[in-house]
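K.L.:
Listed below are the residues making up each chain.
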Amino acid sequence: MTKPTPAAPTGQDAAVATLAPRLADICGQDAVITDPMELRTYECDGLTAHRCSPGIVVLPQTAAQIAAIVKECAQARIPFVARGSGTGLSGGALPRADGVLIVTARMRQIIEIDAKSRRAVVEPGVTNLAVSKAAQPYGLFYAPDPSSQQICSVGGNVAENSGGAHCLKHGFTVHHVTGLEVVTPDGELTWLGDGTGNCPGYDLLGAFTGSEGTLGIVTKIVVKLTPIPQAVTTLLAAFNSTGEGGAAVSAIIGSGILPAAIEMMDALSIEAAEASVACGYPADAAAVLIVELDGPQADVEAETAAVRQIAKDTGAFEIREAADADDRAAIWRGRKAAFAAVGRISPAYIVQDGVVPRTALHEVLDRISALSAAAGLRVANVFHAGDGNLHPLVLFDDSSPEQTAAAEELSGAILDECITHGGSITGEHGVGVDKSKYMSRMFGADDLDTMQLLRCAFDPAGLCNPGKIFPTPRLCGEVPGVRREAEAHPLVASGQIEHF
Amino acid sequence: MLAADSIPAQLTDACDEVRRAEPADAVAGVQPQFVAAPASTAQASAVLKAAAELGLAVIPRGSGSRLDWGRPPERADLIVETTRLTRVIEHEAGDLVASVETGITLEQLASVLAGAGQRLALDPPANGASGTGTVGGVLATGVAGPLRLRYGSGRDLLIGITIVRADGTIARSGGKVVKNVAGYDLGKLFAGSRGTLGLITEATVRLHPLPQSTAYVSTQCDSPQTCERLLAAAVAPAVAPVAAELSWPLASAPIALGIALEGDPAGVTQRATQLSEVLAKEAGQCDGNPRTVVSVTDSPPPWWRSGPAAQPDGTVLQLAFWPGELVRVLTELRSAAERASLDPAVGGSAAAGVLHAALPAASPADAARIADFITSLRGSLDWQAGSGASPPRASVLIQHAPAAVTELADPFGPVPALHLMRAIKQQFDPAGMMSPGRFAGSL
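Protein chains in written order, with our numbering: chain A, 120 to 619; chain B, 6 to 448.
Do not rely on the hints blindly, as some may be mistaken.
[What the hints assert, rightly or not] The calculated SDA-like cross-link candidates involving lysine to any residue, where the alpha carbons are at most 20 Å apart (straight line), are: (1) Lys288/A <-> Gly122/B; (2) Lys252/A <-> Ser266/A; (3) Lys556/A <-> Asp516/A; (4) Lys235/A <-> Val332/B.
Worth flagging that the hints you see were computed from the coordinates, not collected in a lab.
Next comes chain B alone, as it looks inside the complex:
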């Protein structure tokens, strides 16, 4: 038995920075005992090995900005944080590739890469004051931003990964070349796994040049139907946007649209001008409002990348859908919300088929209403289309919600092939030590 305030020697032997956890270290309300901050992959391996021997449940943590996502863990004994893993291991500008330790924040990495005129084309919304998070956290939570339309999310930009398994085994897959099909791609498996399969300590990512020029074309419209028509015009090959976003803060507000164009300065200017003419014409025809304003700016509209501003005790949903179903998704979302007397702020990458819906902090009494809204929305989006027994072409994921809500509504909802996910968890973490109970199917 441990003395009340002692730290096991196995942990202090494994890592030179281990402390007792404080109340601020709680994970979705569950209080851990210890916090370890390894300084290298080797130390992280020693820590996880020691934790496995001690039977400690481990929660990996980056900046902690999205640590409340998912269910509260069944157990949380040891937080392994990546705050000391901040090295850029290699940045070969000519190869447009960088290898980093995963505790580096996106902002820190961006400033290194900008020196070579490059970027990691991943722009998730900031989560409160803590910034957009670490590379590891962004990969593990699978978050992305407006640029996903052109560049995809973290899994699409990740070309190599180093992970530490629950038993301390260090393993790598992929490499540092973009084109590589040697072996299974564990990066895909770990991206979005939320710390339930192991700890990501190093990542190699594909980079892109910083654009020579960027323009934002913004407008607004009155209905989902008009919104869809404007977006269809915006994603035409003559426009080739890198992002096409919407923001619909209240049911009674107009829908704001923003289209981002990048590339050759003259080309961008020409495309922006053409697009704004097309949008003005289309919007005028659809909404019968000849005075529709379309603006072209160098900087994004104020709501850009604000995403679902997470508030304590707020609820944030992610809706993913086949992009052609935008009108249906927006309509069902508003009508399910109205039935529950809720008015969420909606926004996101409409053309890529990803939206967010955010509700402000709610009293415990509201939890049932919010859960009903989610369940009802899932029901209305659970349509079968086309090919027989295929899964629904939309999903509603609770990214963040008070425990009172997630007790009533499954954060992940129905997930295809859950039995395979369970088998994978069993293989990677047979003792159930990594972020236990937080994932789909309570994995």
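This is chain A alone, in the form it adopts within the complex:
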């Protein structure tokens, strides 16, 4: 977590600097940033533990400009990284000192809403929530809703295959994207998919979505729009233990009901949220569940009654139901404020994104408690309980190197628990630079090698967001098994930051 000082330009940094006039020709002088102070604005995304000032930042306005920029990079063999709003939580948009950072923030046009087809065509810099707002007059919305939806970009959502609280029922970005215009790493503009969702040929659209910016840069996105549900109910249920809360989750799913969202918070995260936004959750609750049901009126009413009964049967001592939209917002306020709130009760925290099978929730939460006690560090649990996606927040004091190291170790141990129980190291935040070191705990060498065949097909030169996802890059065109050393982050290599 040490703040880096700007690195002295190296030979490669100097190489990227020579691109500036070319990029200004393509996009205009005001779209190219080379001033070291301004460049530092872009040194990290939402994960601030990894920082690196980019060689150059460029802010194109059109797909053709992105294609031309990438072509320049490809010819000069200079790496490039795409960035949307910079809200990612795995360092997926971490720039390179020797590379170009291509920021899509100026590409914010909603090109088309085709209400009859339930499709929208948008530019990559459009925010997630802006799509839903534009679709709202037609009774439609864009279903994936990451917590950062007010500011995160749809292009970034495609790169990360973003989820959100409501993906339990409504699915992830990949289920809602039907066409992409992309610039491939050689600078060519091409379409993946045709917007129908059933384009002939390999499903490049599906393979590209969630590839974390390593296969190309998205320049247009066709998304599916979903009819706004007729009815929504939001329940808040308070329990005396996370075990009871977990039992309620299992019973709800076991009854055949598929809520839009099931979220859980434990005592520590409730305490933090209360201190921060006075969300007024039941006092003394060791766990609260937020259950949201949506669909046709009659079905939602029946399901609400069933969920209330299940919560009661599994030990809920208080159940509230939102009477209107304001009430609903009040219930969600505590949940949405949880991460920031934890920041107020601890100097620093690490948020993890592990996933476990729902049936292992109880056991894994117990293990997290034990690990937390053993490490002497507090862990607040805020998570998407319906799909087993945990966001344990490991609290620590970053002025203490010992605590920092212990927090990192505890974080890794939690991910190991997730893997041991058949889960995943990341449910929605992506691997990025942050979790690439855990990939080989989840996948074997052949698995990772095979995944990288896809990378080799799109980006044989390895210039497109290099150093992300994979612990050891594959040399394309070489025999499998021959690998070069993992690329260290430049600031790690120079000893300015610790790997985190």
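Fit chain B to the supplied structure of chain A, relying on the hints for placement.
P.N.:
Quick look at chain B alone, frame taken from chain A:
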């Protein structure tokens, strides 16, 4: 050189069930030499490794129900069939997830899952007497049925996959949790790849509860325009159907519509009643026929999921389009058919933007007419809309047709980003051993 009827030792060493191929094993008219039926992913890996060493072109086969799809293979030496890979590896009901070997049929899997009140929400049309096929075959061909409106197709329900590459390398991606973004999703790439990138041996799928109650609301109408209005009413959020299908068997016949509702019994009954009133009113207004009959039933209409009944030497097309273009697609389809003096049976998931058009067995002399129809239909649907150089918002895929037709009309038609597909094929199967020549761009 091999003796005429000997089986190479590498193959028999790799797998305990290898035989000489028979005429019935022919793939779209191409006669293979051997059939291997591995009993595990490890055996499948050994078989593919041996095949690579022997230079044998490999055709993966499940139940064989859709093996004739696509072009005839350029070469077919060895069929690797999944008929012995039928285990349910894991079914954790509380997680609504199952891991299976891919030779299990959808029917076999459904009966296991039904025991826990669950299902794989994938209901492709049956293909003749052989049922709906194996999990692997359904994934590899990318077929889906009416439930696609709510649940998507195989690629949307697949959360983990084990594949064997052309050189025998075993690789996994995804996992057994629904929410997972670790690494590239090879499942997406392999779903719909028709055996051209490798063999899918295991799959982990997301399950859904069996619905507590299901109702079908059926009616018919006289024109594509009315059909569109009725469908718009049917997909309203107060109705929230899981499927909305049409069946238009002949140009001169009325268009039948069927809407499936699932959920809470009282809710389903209420929604079905409301929908039938709305449809009767809308249909009456549009067609001027006040006696439009709308029925509500527990079981689907007889044509449901019958899909494009595949007949030997018949032709089946899949049309995919932006759902708002339904009227245009139906109109162009009928007019292109009329120009070619053809009268296809049309049906499918109208609200999801997927239809089929089926033509019965044809004499070789008819092949040119059918190919003209396909080419002309592709031309009329090749419209640019909205955003400049975007691809056409519709496609016509030949799922199945006699070779005489596919020689004249490309089964896949124009496909965006074909150069990337070629690069992927080159990476996964550099020697061109997996179902060679069958895919888009003759990959």
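K.L.:
All hints, please: hold or fail.
P.N.:
We went through each hint and held it up to the structure:
{"no.": "1", "hint": "Lys288/A <-> Gly122/B", "in the structure": "holds, 18 Å"}
{"no.": "2", "hint": "Lys252/A <-> Ser266/A", "in the structure": "holds, 16 Å"}
{"no.": "3", "hint": "Lys556/A <-> Asp516/A", "in the structure": "violated, 23 Å"}
{"no.": "4", "hint": "Lys235/A <-> Val332/B", "in the structure": "holds, 11 Å"}
The structure does not agree with numbered hint 3 stated previously, though it agrees with all others.
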